[in-house]
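If you read the protein sequences in the order shown, they are chains G, F and C. Number 276 in my numbering belongs to position 276 of the first sequence; there are no gaps in the numbering. Number 70 in my numbering belongs to position 70 of the second sequence; there are no gaps in the numbering. Number 158 in my numbering belongs to position 158 of the third sequence; there are no gaps in the numbering.
Check the hints yourself; a few may be wrong.
List of simulated lysine to aspartate or glutamate pairs, EDC-like, C-alpha gap at most 20 angstroms [stated by the list, open to error]: (1) G:198 x G:187; (2) F:320 x F:243; (3) C:103 x F:53; (4) C:264 x G:95.
Quick caveat, the hints were computed from the structure, so don't treat them as lab data. Keep in mind that this is a model prediction, so the values were computed, not measured.
For reference, the chains in residue letters:
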Amino acid sequence: MSTTASRSAARVMMAPAVILLLGWMLVPLTMTVWFSFRKFLPLRGGDLGFAGFDNYVRFFTSSAFWPSVYTTLIIVISVLVITVVLGIFLAMLLDQPMWGQGIVRILVIAPFFVMPTVSALLWKNMFMDPVNGLFAHLFKAFGAEPVVWLTDAALPSIIMIVSWQWLPFATLILLTARQSLDSEQLEAAEMDGAPLLKRFWFIVLPHLGRAITVVILIQTIFILSIFAEIFVTTSGAFDTKTLTYLIFQRITDSQNIGLGSAGGVYAIILANIVALFLMRIVGKNLDT
Amino acid sequence: MGRIILDKVTKRFDGVEVIPPLDLIIEDGEFTVFVGPSGCGKSTLLRLIAGLEDVTGGHIEIDGQDVTGVAPAKRRLAMVFQSYALYPHMTVRKNIAFPLRMAKLDRAEINKKVTAAAEVLNLTDYLERRPGLLSGGQRQRVAIGRAIVREPEAFLFDEPLSNLDAALRVEMRLEIGELHKRLATTMIYVTHDQVEAMTMADRIVVLKAGNIEQVGSPLELYTKPRNTFVAGFIGSPSMNLLEGPEVAKHGAKTVGIRPEHLSISDKEGVWSGIIGVSEHLGSDTFFHVKCDAFPNPLTVRASGEVSLHYGQKVFLTPNKTYIHRFGKDGLRIA
Amino acid sequence: MARTHSPQLKMLTTFAAWSIGLMIFFPILWTILTSFKTEAQAIASPPIFVNFDWTLENYEVVRERSNYMRFLWNSIFIAGGSTLLGVLIAVPAAWSMAFVPSKRTKDILLWMLSTKMLPAVGVLYPLYLIFIELGILDTRLGLIVVLMLINLPIIVWMLYTYFKEIPGEILEAARMDGATLKAEIFYVLMPMAIPGIASTILLNVILAWNEAFWTLNLTAAKAAPLTAFIASYSSPEGLFYAKLSAASTMAIAPILILGWFSQKQLVRGLTFGAVK
Numbered sequence: 001m002s003t004t005a006s007r008s009a010a011r012v013m014m015a016p017a018v019i020l021l022l023g024w025m026l027v028p029l030t031m032t033v034w035f036s037f038r039k040f041l042p043l044r045g046g047d048l049g050f051a052g053f054d055n056y057v058r059f060f061t062s063s064a065f066w067p068s069v070y071t072t073l074i075i076v077i078s079v080l081v082i083t084v085v086l087g088i089f090l091a092m093l094l095d096q097p098m099w100g101q102g103i104v105r106i107l108v109i110a111p112f113f114v115m116p117t118v119s120a121l122l123w124k125n126m127f128m129d130p131v132n133g134l135f136a137h138l139f140k141a142f143g144a145e146p147v148v149w150l151t152d153a154a155l156p157s158i159i160m161i162v163s164w165q166w167l168p169f170a171t172l173i174l175l176t177a178r179q180s181l182d183s184e185q186l187e188a189a190e191m192d193g194a195p196l197l198k199r200f201w202f203i204v205l206p207h208l209g210r211a212i213t214v215v216i217l218i219q220t221i222f223i224l225s226i227f228a229e230i231f232v233t234t235s236g237a238f239d240t241k242t243l244t245y246l247i248f249q250r251i252t253d254s255q256n257i258g259l260g261s262a263g264g265v266y267a268i269i270l271a272n273i274v275a276l277f278l279m280r281i282v283g284k285n286l287d288t
Numbered sequence: 001m002g003r004i005i006l007d008k009v010t011k012r013f014d015g016v017e018v019i020p021p022l023d024l025i026i027e028d029g030e031f032t033v034f035v036g037p038s039g040c041g042k043s044t045l046l047r048l049i050a051g052l053e054d055v056t057g058g059h060i061e062i063d064g065q066d067v068t069g070v071a072p073a074k075r076r077l078a079m080v081f082q083s084y085a086l087y088p089h090m091t092v093r094k095n096i097a098f099p100l101r102m103a104k105l106d107r108a109e110i111n112k113k114v115t116a117a118a119e120v121l122n123l124t125d126y127l128e129r130r131p132g133l134l135s136g137g138q139r140q141r142v143a144i145g146r147a148i149v150r151e152p153e154a155f156l157f158d159e160p161l162s163n164l165d166a167a168l169r170v171e172m173r174l175e176i177g178e179l180h181k182r183l184a185t186t187m188i189y190v191t192h193d194q195v196e197a198m199t200m201a202d203r204i205v206v207l208k209a210g211n212i213e214q215v216g217s218p219l220e221l222y223t224k225p226r227n228t229f230v231a232g233f234i235g236s237p238s239m240n241l242l243e244g245p246e247v248a249k250h251g252a253k254t255v256g257i258r259p260e261h262l263s264i265s266d267k268e269g270v271w272s273g274i275i276g277v278s279e280h281l282g283s284d285t286f287f288h289v290k291c292d293a294f295p296n297p298l299t300v301r302a303s304g305e306v307s308l309h310y311g312q313k314v315f316l317t318p319n320k321t322y323i324h325r326f327g328k329d330g331l332r333i334a
Numbered sequence: 001m002a003r004t005h006s007p008q009l010k011m012l013t014t015f016a017a018w019s020i021g022l023m024i025f026f027p028i029l030w031t032i033l034t035s036f037k038t039e040a041q042a043i044a045s046p047p048i049f050v051n052f053d054w055t056l057e058n059y060e061v062v063r064e065r066s067n068y069m070r071f072l073w074n075s076i077f078i079a080g081g082s083t084l085l086g087v088l089i090a091v092p093a094a095w096s097m098a099f100v101p102s103k104r105t106k107d108i109l110l111w112m113l114s115t116k117m118l119p120a121v122g123v124l125y126p127l128y129l130i131f132i133e134l135g136i137l138d139t140r141l142g143l144i145v146v147l148m149l150i151n152l153p154i155i156v157w158m159l160y161t162y163f164k165e166i167p168g169e170i171l172e173a174a175r176m177d178g179a180t181l182k183a184e185i186f187y188v189l190m191p192m193a194i195p196g197i198a199s200t201i202l203l204n205v206i207l208a209w210n211e212a213f214w215t216l217n218l219t220a221a222k223a224a225p226l227t228a229f230i231a232s233y234s235s236p237e238g239l240f241y242a243k244l245s246a247a248s249t250m251a252i253a254p255i256l257i258l259g260w261f262s263q264k265q266l267v268r269g270l271t272f273g274a275v276k
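Could you put the whole structure together from the sequences, leaning on the hints where they help?
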């Protein structure tokens, strides 16, 4: 229903949320863009004048840039592959009848609710510590040398931690999507003589297609900006500096705000590209 | 009192004009039915009167006051929705009391009115229940009760019986009719079911694509439909509308004759034909006859049980008094 | 599925599922167990599973020595405060989008969701400056505002979806019954939307509680919540496994319990309707 009275009421009621988010989006963003075009070093006097595209070029050409992009890509792609593949498998498994299904669900979902700093620390100290960690004990029990995870295999360690955290999310989403597939389709296929794997490949997997895309897009956005896990474990050392962390360091360690801001703009553009795809899918759904 | 005037009321949605300028007067105390096929704008019209939608043009007057642009709450109208729209988290008592609470009546007054309404509608035993535990018919009554306590200038009904099963529908039709006689308040009733319209209305407004095709009493619409649309819409089974050279003989483009005004015989008559499907209701029998003179089969009503069978050759004779003639524009020829 | 399941298949699936489930849950389980061990037993080799002397000393030490309660209180205050503030702002917005939609509604909704995609690190410094300027650095208020802003899109979105499930006719009936806009929202909409609002609050409290960027970078001693507290265990302290476990368990326990209740909300809130 819509009368002019309710429509003007609606505009007023939306205003606070819209204004706040607009401010949240524009104000810091404008400042970042502003800083990116200036030579700004708070430790050496602050605003040192207009810098043109210097910061952008310097950030892009710095020796740390491409490694960070590389690191970011490796983490994102690895986590995506692990969580989606395992997620599909787990979703299929959890969809089957079994005893104590409710409890198994809780067990599988739990890691998502553990705060990132706790996860990172638990893994770092209790599992990956080369002396006292559980992995060390495990390796020694087999007579092998324990791996110094966070030094020698830092990137895989981070990937392991982040995958552990996000696997529940992927599983839950895929399980929900799987359960929205009506059994009649599968029954028809069975009557048509299709064996289990073929039914999975031709019916279940395509149905999951939309959900998988959503999981990939949402996880990408969030994994691109993971912070605590790196902050708490390696602080970016041993090749674990993601783009996000690189920018963070430029701002907090080197205190080169102009440079960091330029990096920030790169990160924002990147995130927005992914967001565009996600919003297209969400938008299509809103119309239904 | 509850006299409602619509003056050149227009409604546009997103640039599409769903109701072209429309004039209508509904007299106080009348039971007016808006009827028409899906999408004809009858519900929209009701909602414009209720104030749930704004008119794009024109004025609405209730009881002498211009209410165009006035909020629904202030128009002194009450509406019964198709889905009843009961408040699921409130008991029946609280549902019925709600409008009184909004009008800021004091508790004793509210209780009195609620109890009275509940008695009238046989809801006294259900006052403390939630709508979720009531049957369709009971929910209907609660919706009506909520409307009654407001003592409005007019009641608006938006297809209230569509969600009920056939038997209940007949029962509720009578109850609403009774209610109207008792309260003597204006009632505007929207339905797509022309049987409801015919049995309940003082006056019927037939709508098509936002236009009023005809306004009149049920009998008027039955005996003197203004055009082919109304002719084919009112009456069940619908009037036979015939065209062709046989019809031209009567000096019209279309001729209408109701099934009950045709007589069927296996011996003699004006039009010859072959019987197709027949429907035996016990009280009547309806035959669908494929006549040589007309491309489409005719429906014929015969009283009681008549045993003519499929494929049998028969003759139809129209009752001359009840032949309706329509010209090239679809309008009635006197 | 159409086939009837043999008990053997069920046993196999149960076994497989439980094994995997326990493997995934193991780190958490191990942490909880370790929190009850003595330090010596915590690093024992080979690792002791259950046959240790259960003790509560770690919990006591963490509570007393590290001012744990303050961090806990900060977490509660910040997570709760930001969520409630967000709900207050989001309810009217969601109402108008759900019940008086316009041509722009969908775009505005999508835009709101997109603000959540903003990489935090990109606006870290400006926010830092603004906070200093306004004097809200290392204050709970500052954090409540920031966390409210980053969760507002999700709160609006979730409330919108819940409101859309309420039949519009019931609100129209309230209008016909003489209810003002305020009465319509308070007496009819809110009671019907309570389960939806509760679910939204649940998920967002969890998200705010676990937030680990702004809570780490905009707080110091006074307003730091549990995320920061645990992060500080990163240095030597962290090698005291038993105490680390106790601190961690205390930090994550409430959310684990809440999380169990919020699975459905998680799907609804974080996939933005793209998955049903």
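Is the straight-line distance between the alpha-carbon of residue 320 of chain F and that of residue 243 of chain F 20 angstroms or less? This hinted pair holds, its Cα atoms lying about 17 angstroms apart.
Given the hinted pair residue 264 of chain C and residue 95 of chain G, is their alpha-carbon gap at most 20 angstroms? Within the cut-off at roughly 15 angstroms; holds.
For residue 103 of chain C and residue 53 of chain F, compute the direct alpha-carbon distance and say whether it is at most 20 angstroms. Roughly 17 angstroms separates the two Cα atoms, so the pair holds.
Please verify whether residue 198 of chain G and residue 187 of chain G have alpha carbons no more than 20 angstroms apart. 13 angstroms, holds
When held up to the earlier numbered hints, the structure conflicts with none and fits them all.
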